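Peer 1: These are the residues of each chain, in order.
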Amino acid sequence: MFNRKALMFGYSNTTKFLAENLTKELHYLVIIVDDEESYQEAKKAGYRVKLLDITDDNALEELDVAEDDYLICVMKDHYINVFLTLSLHALFPKTTIIALSDSYHATQKLKMAGATRIIDLYQVSANRIHNILTKPVATKLIERLFSPEEEFSFKEILIPKNSILDAVMVDDFDFSKHGIILVGMIDKRLSKQFIFITSGLENRFDIGDTLVCIGYNDDLNKFEEYIKGKEDES
Amino acid sequence: MLKELLIQYAFFLHGSKRYKNIKTTAYNFLLNSDYEYKKYFDIFMISLIVVSIAILVYEVKNPVPYWVDFFDIYLVTVIFLMEYIARVWVHNDWHKQVVKEVGEAEFLNRKVSLWRPSKETLKGKIRYLLTPTAIIDLLAILPAYRPLRVLRIFVLFRVFKLLRYTKSINQFLGVLASKKFELFTLLFLLVFITVTAGIAIYVFEQNENENIESIFDALYWALITISTVGYGDISPVTPEGRVVSMMIIVSGIAMISFVTSVIVSSFSEKLDELKENRIVEELNKKDEFMIICGYGQMTRMFLRYYAKEYTNRYIVIENDKDKVDEAIKEGYKAIHEDASRHDVIKRFNLQYSNITLLALTGNDIANIYITLNAKSLSRKIKVIARARTEKMIKKYQLAGADSIVRPNVIADRMLYTAITQPVMYKAIYAILTGKNMALLDEINLSQSELLVGKKIEELELKKQKLLCIGLQRAGEEGEFIFNPPVETTLEEGDILLVMGRKVSIEYFRSIYTKVKYV
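Protein chains in written order, with this note's numbering: chain A, 1 to 234; chain B, 1 to 518.
Calculated from the structure, these hints are not laboratory results. Be aware that one or more of the hints could be misleading.
Result set (DSS-like, lysine-lysine): computed pairs, CA atoms no more than 25 Å apart in a straight line [what the hints assert, rightly or not]:
no., chain 1, residue 1, chain 2, residue 2
1, B, Lys275, B, Lys167
2, B, Lys382, A, Lys135
3, B, Lys465, A, Lys155
4, A, Lys177, B, Lys463
5, A, Lys16, A, Lys43
6, B, Lys502, A, Lys155
7, A, Lys140, B, Lys346
8, A, Lys76, B, Lys391
9, B, Lys119, B, Lys39
10, B, Lys20, B, Lys119
11, B, Lys323, A, Lys109
12, A, Lys161, A, Lys140
13, A, Lys135, A, Lys111
14, B, Lys382, B, Lys270
15, A, Lys161, A, Lys228
16, B, Lys179, A, Lys177
17, B, Lys394, A, Lys16
18, B, Lys465, A, Lys140
19, A, Lys188, B, Lys465
Keep in mind it's a predicted model, so treat the numbers as computed, not measured.
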């Protein structure tokens, strides 16, 4: 579980999906709405919900937002969504803002308004159609990796203190022995950027690096435990 | 005995793949405008016609060498004759009629008659022979008969043969045919004025004007005047004649303007249709193409990113004219039609092309109907449909959609990943959008046969900075092996899933893709 909060603006099917799935991942999640009807509906559904005028900066300022929290803008009206993103960015410039867009032009505006990540409803679908047409097998795999019911998935694994991976060169470690594939990592020493393993850089694993692996869930969990090994041995 | 032999022969033809292939090829060259190579045949025939007419014109004043004459009489005519016979041949099938007759006779327990199918076939062929185009074909062959020099003029019928091979002339005639009523009305008016004016000038000037000796001269003058050509060989000499002359000049100008406006307006009415037909015809010549139904946000986004990859291999069908205009303005190929209509999808080359249909309208009912319409015409069409709600998925599946895309679900999952696993989100996003650094691509072993029989470890993927993610075994029921062991042997038809930079994948492909010689 993350020690982070998420504030979701707007009440829709997307909000419901996120609220249901994020409860396990985040310690605090609140839905913020600007109309009484949505407020009552969300409350009835059992979610933590707040009613406020989201065009009012003073009301927004009063929200308890920390730098590593998430602000999720999924308002139905894209004019308000852009305006909200802009207001939140002005008030909490260092906080991650994730916004949902439904057109190319809205995406451009959200970018300019300061959204950290924008998920364009139609762009992801357009990519998906293109992938179905050109890479059907790969698309099926990606779909399975995304699906929570599947037995294999992506996983972020943090190299803990005293890990057996500490100071090991990437090329010297055989991931296939563990049935998993290392896709990439964030090498804390070099930068905070994600590096794909296929980019050809010769990296070294260090404590605090984050690995992104794919594999069967059991294998991924076992591997996560395995790399803590050094600590256990000591 | 002979009857049995003929029946056996008919069944032999009916079962012969070779015969069927030959006839289909002949049909494609002669009649199938969607056939890729038909245009070469048409160009060849047009060239023969042009050469033949050029020889006729040259011959008027100059003696032609023997070989030119030989070429014109024998070669060109023999080719025309062969084409004529081939057209009669492909028009219908005698053996099919015989097989049908045998089947019916057995069912009804009656005697097989060879006369009935032969009569039906013959009737069909005669009906074809009496069509204007078949008559023109026949007349175009006649000039080869040298004893009758007058037949040389039939070479001109070869010009009419051009109608078969040039779509523009046919389209022009088609447009004129659509205004048949207006044009016939004008023709009637023209005849009426010409005859009236001709009679008037004949009455007024027959005794005064030495150039008007008969009613034919008078009608000739009237026609030349009304058409505003006015050669001047006959002109009125009496005041009455001049009045008639003035009147028909004015009505002539009016009529020419009227005819011009009728033709122009019919062209402007038909212009969109002609353009759309041209787009569909061009597309039908491709081995594979895509029909995108609906021009909404989803189609816009798809084309914005991928139109270049599918250049000349897609068409947008939209039933809202404003949206069609918008798509055309954006530079996309779009036509104003309703994709849920049977005849609209039927216009495409369903038999020979691999068609993918994207049902992307914002309405589930419309998308399901479009899917059903396409699948009812051909199961071969691959349908990718957009669904708005979970409840609709089952219906899309029942309608036969091959893949279903739910924009909201994909976006929700992306949002979820962006919050819970931000590092991974970047990786997944890059993979999904096919970024150069992390392309997840497929190596199809039917195209890279040098890989067949090799073990994964032999491919030295690590050395080439590639990751082997999975292996899809051949066939529809083929197993998918995620993260396959390195000792796995690759087999014919397998698809290897690799991840890496675009350049690494392209290099890997270039090593293992060799031209296949058969």
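Peer 1: All hints are to be evaluated individually against the structure, with a verdict given for each.
Peer 2: Checked hints:
1. Only pairs whose Cα atoms come within 25 Å are accepted, and lysine 275 of chain B paired with lysine 167 of chain B is accepted, the gap being roughly 12 Å.
2. Among the hinted pairs, lysine 382 of chain B with lysine 135 of chain A is consistent with the structure: their alpha-carbon atoms are about 14 Å apart, no more than 25 Å.
3. Of the pairs offered as hints, the one joining lysine 465 of chain B and lysine 155 of chain A holds, with about 21 Å between alpha carbons and a cut-off of 25 Å not exceeded.
4. Straight-line distance between C-alpha atoms of lysine 177 of chain A and lysine 463 of chain B comes to about 18 Å, which keeps the hinted pair within the 25 Å bound.
5. Of the pairs offered as hints, the one joining lysine 16 of chain A and lysine 43 of chain A holds, with about 12 Å between alpha carbons and a cut-off of 25 Å not exceeded.
6. The straight-line distance between the Cα atoms of lysine 502 of chain B and lysine 155 of chain A is roughly 24 Å, inside the 25 Å bound, and the hint therefore holds.
7. Between lysine 140 of chain A and lysine 346 of chain B, the direct Cα distance comes to roughly 31 Å. Violation of the 25 Å bound is thereby established for this hinted pair.
8. In summary, the hint linking lysine 76 of chain A to lysine 391 of chain B is supported, as the alpha carbons are separated by about 21 Å, within the 25 Å threshold.
9. Taking the CA atoms of lysine 119 of chain B and lysine 39 of chain B, the gap is near 34 Å; set against the 25 Å cutoff, the hint is violated.
10. In summary, the hint linking lysine 20 of chain B to lysine 119 of chain B is supported, as the alpha carbons are separated by about 22 Å, within the 25 Å threshold.
11. Taking the CA atoms of lysine 323 of chain B and lysine 109 of chain A, the gap is about 23 Å. The hint holds against a cut of 25 Å.
12. A threshold of 25 Å between alpha carbons decides the hint, and for lysine 161 of chain A with lysine 140 of chain A the separation of about 37 Å lies outside it, so the pair is violated.
13. The hinted pair formed by lysine 135 of chain A and lysine 111 of chain A fails the criterion: a straight-line CA distance of about 30 Å is larger than 25 Å.
14. With a CA separation close to 32 Å, the supplied pair lysine 382 of chain B and lysine 270 of chain B exceeds the 25 Å bound.
15. The hinted pair formed by lysine 161 of chain A and lysine 228 of chain A meets the criterion: a straight-line CA distance of about 8 Å does not exceed 25 Å.
16. Pair hint lysine 179 of chain B plus lysine 177 of chain A does not hold up; C-alpha atoms about 79 Å apart against a cutoff of 25 Å.
17. Only pairs whose Cα atoms come within 25 Å are accepted, and lysine 394 of chain B paired with lysine 16 of chain A is accepted, the gap being roughly 22 Å.
18. Under the criterion of a C-alpha separation no larger than 25 Å, the hint pairing lysine 465 of chain B with lysine 140 of chain A is consistent with the structure, at around 23 Å.
19. Between lysine 188 of chain A and lysine 465 of chain B, the direct Cα distance comes to roughly 22 Å. Compliance with the 25 Å bound is thereby established for this hinted pair.
Violated hints, listed in ascending order, are 7, 9, 12, 13, 14 and 16; each of the other numbered hints is respected by the structure.
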